[in-house]
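Chemist: As a plain string of letters, each chain reads:
There are 2 protein chains.
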Amino acid sequence: MQKNPEELPLRERKKLRTRQALVDTALELFTARDFTSVTLDEIVDAVEISKRTFFRTFTSKEDVALAPEKELWAAYLTDIGTRPLTGHLLGACEDALFTALEQMTDGWERRFLASRSLADRTPALTAHSLRHCSEVSANVVRILADRLAGQSPGHTELRLLLDLMLAAWHCALEAWTSSDAAQQDRAALVRHMHEAFAAIPTVAALVAQDR
Amino acid sequence: MQKNPEELPLRERKKLRTRQALVDTALELFTARDFTSVTLDEIVDAVEISKRTFFRTFTSKEDVALAPEKELWAAYLTDIGTRPLTGHLLGACEDALFTALEQMTDGWERRFLASRSLADRTPALTAHSLRHCSEVSANVVRILADRLAGQSPGHTELRLLLDLMLAAWHCALEAWTSSDAAQQDRAALVRHMHEAFAAIPTVAALVAQDR
DNA sequence: GAGATAGTGCCACTGAGTGGCGTAAGCCTA
DNA sequence: TAGGCTTACGCCACTCAGTGGCACTATCTC
Numbered sequence: 022m023q024k025n026p027e028e029l030p031l032r033e034r035k036k037l038r039t040r041q042a043l044v045d046t047a048l049e050l051f052t053a054r055d056f057t058s059v060t061l062d063e064i065v066d067a068v069e070i071s072k073r074t075f076f077r078t079f080t081s082k083e084d085v086a087l088a089p090e091k092e093l094w095a096a097y098l099t100d101i102g103t104r105p106l107t108g109h110l111l112g113a114c115e116d117a118l119f120t121a122l123e124q125m126t127d128g129w130e131r132r133f134l135a136s137r138s139l140a141d142r143t144p145a146l147t148a149h150s151l152r153h154c155s156e157v158s159a160n161v162v163r164i165l166a167d168r169l170a171g172q173s174p175g176h177t178e179l180r181l182l183l184d185l186m187l188a189a190w191h192c193a194l195e196a197w198t199s200s201d202a203a204q205q206d207r208a209a210l211v212r213h214m215h216e217a218f219a220a221i222p223t224v225a226a227l228v229a230q231d232r
Numbered sequence: 022m023q024k025n026p027e028e029l030p031l032r033e034r035k036k037l038r039t040r041q042a043l044v045d046t047a048l049e050l051f052t053a054r055d056f057t058s059v060t061l062d063e064i065v066d067a068v069e070i071s072k073r074t075f076f077r078t079f080t081s082k083e084d085v086a087l088a089p090e091k092e093l094w095a096a097y098l099t100d101i102g103t104r105p106l107t108g109h110l111l112g113a114c115e116d117a118l119f120t121a122l123e124q125m126t127d128g129w130e131r132r133f134l135a136s137r138s139l140a141d142r143t144p145a146l147t148a149h150s151l152r153h154c155s156e157v158s159a160n161v162v163r164i165l166a167d168r169l170a171g172q173s174p175g176h177t178e179l180r181l182l183l184d185l186m187l188a189a190w191h192c193a194l195e196a197w198t199s200s201d202a203a204q205q206d207r208a209a210l211v212r213h214m215h216e217a218f219a220a221i222p223t224v225a226a227l228v229a230q231d232r
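Quick note, the sequences are listed as chains A and B, same order. Take the first sequence: its letters are residues 22 to 232, numbered as in the numbering used here. Take the second sequence: its letters are residues 22 to 232, numbered as in the numbering used here.
Hints were generated in silico from the structure; no laboratory data involved. Treat the hints with care, as some may be off.
The list treats identical chains as interchangeable, and a pair is accepted whether it falls inside one copy or across any two copies.
Simulated pairs of lysine to aspartate or glutamate, DMTMM-like, Cα-Cα distance not exceeding 25 Å [to be verified]:
no., residue 1, residue 2
1, LYS36, ASP84
2, LYS72, GLU92
3, LYS82, ASP55
4, LYS91, GLU63
5, LYS91, GLU156
6, LYS35, ASP45
7, LYS82, ASP141
8, LYS91, GLU123
9, LYS82, GLU156
10, LYS36, GLU69
11, LYS35, ASP62
12, LYS82, GLU115
13, LYS91, ASP141
Using the sequences plus the hints, can you model the full thing?
Modeler: Structure, rendered in structure tokens:
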């Protein structure tokens with residue numbers, strides 16, 4: 022059971038507030054100019070905190086830029102840990118992503134879009150994003166292997182399944198970020214995800230033939 | 022048609038020599054201690070070149086540590102650009118990887134093993150490695166889409182196929198690097214690759230059922 | 001051998017990230 | 001509501017990766 026934000030001690034509320042302020046202004050500055058050309062000092066000055074405090078809140082300059090993405094995957098991990106796993110496994114993995122998406126608060130998609138657009142054109146962000154994704158994937162495989170307790174697909178197969186979904190997810194993201202601004206809301210992202218996920222059985226069929 | 026190294030101008034030979042020396046000593050130092058704790062100055066002093074020259078040869082500290090991997094993927098790209106694409110597409114992609122592997126010179130597997138072991142336990146290297154992989158993947162998709170000229174699977178499907186193979190490749194690598202030292206030669210890697218690639222049809226079947 | 005054309009070394013600089021310590025703000029008990 | 005207690009913050013100095021500029025030296029070409 023989670024407490025309301027209002028009921029958190031003042032200290033925690035302040036931390037969350039500065040955290041959010043950092044994400045907002047950082048994404049704003051990065052979007053207005055460029056990830057690399059914006060210095061940490063600028064961000065820190067804008068939010069009026071010390072650089073030292075920044076690194077107590079985020080692990081790196083990249084970390085703050087990818088905050089929305091990490092938020093999503095954190096929700097994904099908690100969902101995949103509790104979701105019933107009867108029936109189609111890939112379907113469960115996909116559904117967990119839709120559910121995680123729904124749990125994001127208002128305004129998340131704006132930040133996420135900014136974050137993704139930056140990541141697409143900034144090598145350092147691409148790298149960090151991919152690493153985070155692979156860490157999540159490894160965690161999911163561990164969780165699923167644990168929950169399914171040996172009765173089902175092996176470690177390797179689970180990982181391939183996950184990576185297949187992630188590949189589709191990235192395709193959907195690419196389509197979303199490169200579409201025109203009017204079509205960059207959450208519903209549109211969901212549509213792109215459905216389209217991309219639909220390609221998975223096609224590929225499966227492609228692999229299965231000629232064998 | 023490639024010239025022999027002996028027939029290259031002296032300047033080029035020297036560059037190649039320092040490049041190789043950098044990779045060797047860097048991997049040695051990183052392996053003996055740790056990627057992060059070894060400074061660039063140490064490497065540069067050991068090879069007796071200036072830091073400035075280092076950055077004319079490699080783009081970053083990570084770059085030199087991942088040199089063996091990049092070598093492999095460069096060979097992969099040239100192969101996939103010329104290989105006949107009749108029949109099974111996934112098979113062609115897999116075969117290109119075996120071919121690229123065969124083209125690596127003697128001693129490559131030692132360096133590659135060191136590089137991979139480091140990457141497995143160094144977040145910064147993991148990130149760079151994944152980014153490079155995704156760049157290669159994007160290139161391969163572009164090349165294949167170009168060569169197949171619309172008659173065959175779409176952009177999305179190609180990408181899923183590639184990422185599926187890459188996922189299997191990473192599984193094979195993981196098995197290889199975590200096996201005991203006596204089993205870490207190139208033949209063993211090939212065996213792990215065959216095993217991992219064999220999981221792909223299994224996953225395809227898993228996806229196809231319940232649909 | 002002389003002039004053109006690289007590649008190299010050196011130096012100063014920026015900017016990310018860290019350790020340490022004093023201080024202030026929020027917290028808890030009486 | 002005053003006291004100590006804990007936790008976070010600011011500040012300072014530092015390391016290290018990476019870059020720009022310029023003088024210098026080695027290689028190539030004729």
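Chemist: Could you work out which earlier hints the structure fails to respect and list their numbers in ascending sequence?
Modeler: Number 12 - this is the single hint that the structure violates.
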